[in-house]
Structures are given as C-alpha cells and as structure tokens.
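Asks: In case you want the letters, here they are:
Number of protein chains: 2
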Amino acid sequence: MATRLGKRTLQLETRPRILASAGVAGKREAQGPLGSRFDRIFDDTTLGEVSWEKAESKLLLSAAQSALNKAKLQPSDVQAAFAGDLQSQCTSAVFGLRSLGIPYCGIFGACSTMAEGLLLAALAIESGGFSVTMAATSSHFCTAERQFRHPLEYGGQRTPTAQWTVTGAGAALLARQADAGAPYIDKVQLGTMVDLGVKDAGNMGAAMAPAAKKTIADFLHDTGTTPADYDLILTGDLGEVGSTLLCELMQREEGIDLSQKQRDCGLLIFDREKQDVHAGGSGCGCSASVLCADICRALREDTLQSVLFVATGALMSAVSSKQGESIPGIAHAVLLKKGEPQ
Amino acid sequence: MATRLGKRTLQLETRPRILASAGVAGKREAQGPLGSRFDRIFDDTTLGEVSWEKAESKLLLSAAQSALNKAKLQPSDVQAAFAGDLQSQCTSAVFGLRSLGIPYCGIFGACSTMAEGLLLAALAIESGGFSVTMAATSSHFCTAERQFRHPLEYGGQRTPTAQWTVTGAGAALLARQADAGAPYIDKVQLGTMVDLGVKDAGNMGAAMAPAAKKTIADFLHDTGTTPADYDLILTGDLGEVGSTLLCELMQREEGIDLSQKQRDCGLLIFDREKQDVHAGGSGCGCSASVLCADICRALREDTLQSVLFVATGALMSAVSSKQGESIPGIAHAVLLKKGEPQ
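Order-wise, the sequence lines are chains A and B.
Start counting the first sequence at -4; every next residue gets the next number (my numbering).
Start counting the second sequence at -4; every next residue gets the next number (my numbering).
Among the hints, erroneous ones may be present.
The list treats identical chains as one, so a pair stands whether inside a single copy or across any two.
To be verified - List of simulated lysine-lysine pairs, DSSO-like, C-alpha gap at most 27 angstroms: (1) LYS2 to LYS65; (2) LYS67 to LYS333; (3) LYS67 to LYS2; (4) LYS2 to LYS333; (5) LYS333 to LYS256; (6) LYS2 to LYS256; (7) LYS256 to LYS269; (8) LYS65 to LYS317; (9) LYS22 to LYS194; (10) LYS269 to LYS65; (11) LYS333 to LYS269; (12) LYS194 to LYS317; (13) LYS333 to LYS22; (14) LYS65 to LYS256; (15) LYS269 to LYS22; (16) LYS67 to LYS317; (17) LYS22 to LYS65; (18) LYS333 to LYS194; (19) LYS65 to LYS333.
These are computed hints drawn from the structure, not numbers from a lab.
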C-alpha cells in the first residue's frame, strides 16, 4: 500500500520495477547528443505512411514493440497500457496501440504524459490488481506544428522562445518483479495546475515553469530532501527559457538552488549550437524518448542512482488559445532509483 | 489490495464509496424523462459565456461544485481529480477544474470517460495513497457538433443512426469512508479496444457495440455471473442502433440474453418519441449525468441494488476520420453496489 508523505507525495511500497523501456526518434533527434542512445531511428519521418498522423502512431507502436522485445514479453502479458499524446482525441496512442490488444487507458497530460503514464502504471501495480503495465507516448514535429501552429507549407518564422516538437516516442514496461538491475519507481506526485496568465503559445517554457517549480518544491518539502539528494532533477520540456525561469523562481521563492542538479530533456536532446531548434525540444515524445532511451539505461549502467523525473505539460489547445485563454501548466513527479530497493 | 478475477476483472478490497455525485444538464435534457433528477439545469446553454467551449467548462465545474457541496467537502480535501472530455486536448476539464487547485490527472476515453475516471479514482484509493478522489466529465452539443461534424450554422441533415450529444456533466467523489447509504465500487474492468472496421462517424453506436459486448462478456465470464445477477447493465452511449447490436451480438456469439437487463444512458436521457434526437443521446456528459444524477441516487434510494456500468467510447477524431481510419471502440466496466459491503 502506498503511503502519503506530507501533503502530496506518495511512497510506493511495491516499488514497481521498470522491466524494460525503449525510446525511438527521428532524423533530427538522431543528429543530436543522444543519437547513439535511441533504440531505433527513423531517417524517413513519414515511416512510409501517407500522413504524419499515421507516422506518429507507427512511431509509438515501434517504441512499445521495442520495449516488449527487450522485456521478452508478448502484448498479451501486459494488463494495462496508459498512453496518450498531443493529437486531438489522442489518436496517435489509439491507433498506435490498437493492434496489440492491451487493455487501454487513454490519458492526456500534454508534454507531461510520460510522467502521468508512469505514475498511473505504478499506481496500478501498487493497487495489487496489475502485474505488468505499460506507459507510452509520442510526438511528431509535423503533426504538432500543423495542429497547434501553422500549416507546414506556410514556413512561418518562429520566435526565439519557441521550442521544436520532437519526433519521437517512448514506452516503459513496469512490473512487480524484475531482474536485479532494473530501476524502480520509489515515489510519485500527481501535479496541480498552475496558471500565471501566460498566453503566448510560442513560449511554452514560461507557461510550464511555475508548475514545475510547485511540484519540485512540494516534493522536496514532503520528503524532507534537497536537490543534493538526487543525481538529477530532470524536467521536460521547459527548454532554455523555462529552465532559466524555473531556477530563478525556485531560488527567489523557495531559497533553493536547483541549477546544479536540474537538466531539461528539451535541452539534452538537441545541440542548440549546431541545431536550429530555438529554445530547445518539446512534445510528449521528447521527455519520453530521453527518459526511456537514455536515463533508464544510465540507471541500469550505474552512471545514475536516483533521478527525479518531472515532466511538464501545457494544457492548451489551438481553440483555447484563439479564444484568448491563458495556458495552465502542470508537472507530475516520478522518482526513479537504480537497482534493487534497500 | 485488489485481486484479479479471471483474466481482466478486478475485485477491489477497499470498495471505494461514492461519497456524493452530481449531474447537471441543459434545457433539452431537462425536458427528457430524467429532467427532475438532475442537480442543476441550465436553460441557457451558453451559461452566460462567450463561447460554447467556455460554457462546457462551466458545466463541468458546476457538476464538480455540486458534488463537493453535497459531500460537504472543500476542493482542498480532494487529493486527485481524474477528468477529461471530448474537446481537443481535453480543455473543458482543464479550464473547468483549473480554479479548484485539485491535483489533476487528465484522461481521454471519449464517451467512456466517466467509467475510466471512476475506475482510476477507485484504483487510486485501492493503492492506499489517496483518501478522497474525484471523477468528472462533460459534453456540450455545440462544442461536439462543430468540432466533430459541421459548423452549427450549416444546419445539415442528420442520418437516422446519428446520436445527439448531451449538454451535461457529471462528477463523483470517492472516499475510503462514507455514510452508511453510500454506494460503493465493488469490481472494475479496464477495457480493450475493439475495431471491426466501422467508418461512419454518424453511427457511433455500431462502432462501440462490439467493445461493449467484449467487456460485458469478459466481466460475466471472469466473475461467473449472468445478467440475472444485476439489477441493471447500464451502457452509455450506444443509442438505439448500438443497443440493438449489442444484444444481438451477445445472443449470437455468447448465447447470453442481455435484453432484460441492459439499458442505455443515451436512451434513458431523452424521450425519442417526443424529442428529435434520432438514435439517442451521446457524449461524455450523457452517461456521466445519468449515472451521477439518477443511478447513484437510485442506489441510495434502494430502488437499485447493483448496477454494472459500462460506458463506451469511440476513439476517433475529425482528422482520423478524414484520413480514412475506422473507429476503434472501447468500454470500461464499473460494478456499483448499494449501501454497505457485506
């Protein structure tokens, strides 16, 4: 049974293990610093499909299948998939996973989806009713761009604060039991919406930073820990603007220096010196592919021992922006630790 | 701890209680057979807002606040809200619940959202980490119509198989402890997508009936029960076409006669003789408002003892339909029982 630490954080008793995870990505992501870490790379980001939306579904399916292969599991071994994406009505996850026949729980957390999925997949195991669960999500530059911003053919200028939606997907399989080296989920926190009135859909980092600050501050407070207790506080995806804001807010409002431990998936996945991605990467597939391909592997390889994963989401739509709404941010936290629990 | 019955169904040990629930609805719904059961009725379905989307958010907030009032709880007493809706990026739930400050878990299950939310809200309690949780969802005829079908001003003809999206919302509060009369959640089942290739977005009932059939058949099989063991098998929202198909499929493929016990929220909410709604009601708010306003009350009033609630969703978008995709259906099951567990 999970127990509540402080007001918002949960200590998991079963400490669900990450049996296997896989992150797949497109050509531009493969050219970035994490290129060698991805489980599969698609140079042709149409993936041979007739639409970008169908391509994204295939990307998500590829991540799910890679994770299943690594875990030597069949889809029928998985008792629940918690999945979603940025497409309206979360159709990438629906059509990506349709063929697998896994009981399906559709979720929507914008770019926080990987953390939300891991949290639910872990809670499902903690409830006792599930032995093996999956969390998965995806994004595709072309589906996001034409849905949220402009037709691709328009070729509009992007502001310096804009982020580049990652073409990528991640999937993780959780289980009650796993091999000795498997990382596990120790604690989780479901985030609360924070909306300070940012309306600029070209500056998601600023919209999401206050939510990340709240979740991390609540987590540190609930657990009585400091940033020094973690190898990494991994946000995703605040980019350059949002990461700077997060550290400033944390210093000013909480007196906590986050700068030594905080890294952002949107900044890790691209080399901003060489790649024209403005403020960094974004999209559900950004933190999902970085976590599932790079971070989980580092936890297995012993180069990381404890990672506080805090994926952030901007809960807006093209319609809400056109109707003048501001952008509520949200951030969910998942504490990953290496090897066997003490 | 939850235990697994058969392959897919979970027996909940904590049997989370429905502390309070509320269903709110618009003018047309108020003129239907359940008019007197709704907690609040809005004759002006703009709810004084400048857009239908903002009106829908207010509808969802109204249901959530009514449920909180009935339970005599503050938003800060609720540790998680599982909510979503049909709008792209689930913005009705986001903007509806933003002001309450409840930790937020966005979900997407199309018209199955109320069952998915109840299932997750119950699992959260079962995990031990949550004492009070909320499930909520909404739909609005005008937001759904212009998003999925045609501009409202177009005034197109609707086919006889089409369903009328309910303007309504429902919210339920779950807790480990409640008063003696509170109904409780005994068993749950997360559904699996079923897609038999239906592509007609004007015939959702046909697209969803096979998923409802699978979930109900699995549930009866896992629990070793028959329809006679339940007062009501409540689907939502198959309408006339889907309900007929469900009963036919169940009879032909499983040899089970469902017709005496199956009723559909889409048929209960409107009087099809007097109201021009074609095959019946639909939308997340249909089964949510019927369940939260009428059925939960009947369980408290002792006129129902056990209700197998099976909300169904059509997992499609306007984009997926335009790209020629078929419509995967899904159905989640939640077994509600009256009073105190034995």
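Asks: Go through the copies and call it for LYS65 and LYS256: within, between, both or neither, with a Cα cutoff of 27 angstroms.
Replies: The answer is neither: 30 angstroms in one copy and 45 angstroms across copies each exceed 27 angstroms.
Asks: Is it within a copy, between copies, both, or neither that the alpha carbon of LYS67 lies no farther than 27 angstroms from that of LYS2?
Replies: between (39 angstroms within a copy, 20 angstroms between copies)
Asks: Please sort LYS333 with LYS256 into within, between, both or neither, judging by C-alpha distance up to 27 angstroms.
Replies: within (17 angstroms within a copy, 51 angstroms between copies)
Asks: Within, between, both or neither: how does the pair LYS333, LYS194 come out at a Cα-Cα threshold of 27 angstroms?
Replies: So LYS333 and LYS194 fail the 27 angstroms test inside a copy (39 angstroms) and across (46 angstroms) alike.
Asks: Is it within, between, both or neither when you check LYS333 against LYS22 at 27 angstroms Cα-Cα?
Replies: Result: close neither inside a copy nor across copies, 30 angstroms intra and 56 angstroms inter.
Asks: Taking 27 angstroms as the upper bound on the Cα-Cα distance, should LYS269 and LYS22 be classified as within, between, both, or neither?
Replies: Only inside one copy: LYS269 and LYS22 sit 14 angstroms apart there, 58 angstroms across copies, limit 27 angstroms.
Asks: If the cut is 27 angstroms between Cα atoms, do LYS65 and LYS333 qualify within a copy, between copies, both or neither?
Replies: Intra 18 angstroms, inter 45 angstroms, cutoff 27 angstroms: intra-copy only.
Asks: Reference check for the pair LYS2 and LYS65, CA-CA at most 27 angstroms: within, between, both, or neither?
Replies: between (37 angstroms within a copy, 24 angstroms between copies)
Asks: Given a CA cutoff of 27 angstroms, do LYS269 and LYS65 count as a within-copy pair, a between-copy pair, both, or neither?
Replies: neither (33 angstroms within a copy, 58 angstroms between copies)
Asks: How do LYS2 and LYS333 come out at 27 angstroms by Cα distance, when the copy is not named: within, between, both, or neither?
Replies: Only inside one copy: LYS2 and LYS333 sit 26 angstroms apart there, 32 angstroms across copies, limit 27 angstroms.
Asks: Between the shortest in-copy and the shortest cross-copy C-alpha distance, which are at most 27 angstroms for LYS256 and LYS269: within, between, both, or neither?
Replies: Intra 24 angstroms, inter 65 angstroms, cutoff 27 angstroms: intra-copy only.
Asks: Within a copy, between copies, both or neither: where do LYS2 and LYS256 come within 27 angstroms Cα-Cα?
Replies: within (24 angstroms within a copy, 44 angstroms between copies)
Checked against the numbered hints listed earlier, the structure breaks hints 8, 9, 10, 11, 13, 14, 16, 18; every other hint is satisfied.
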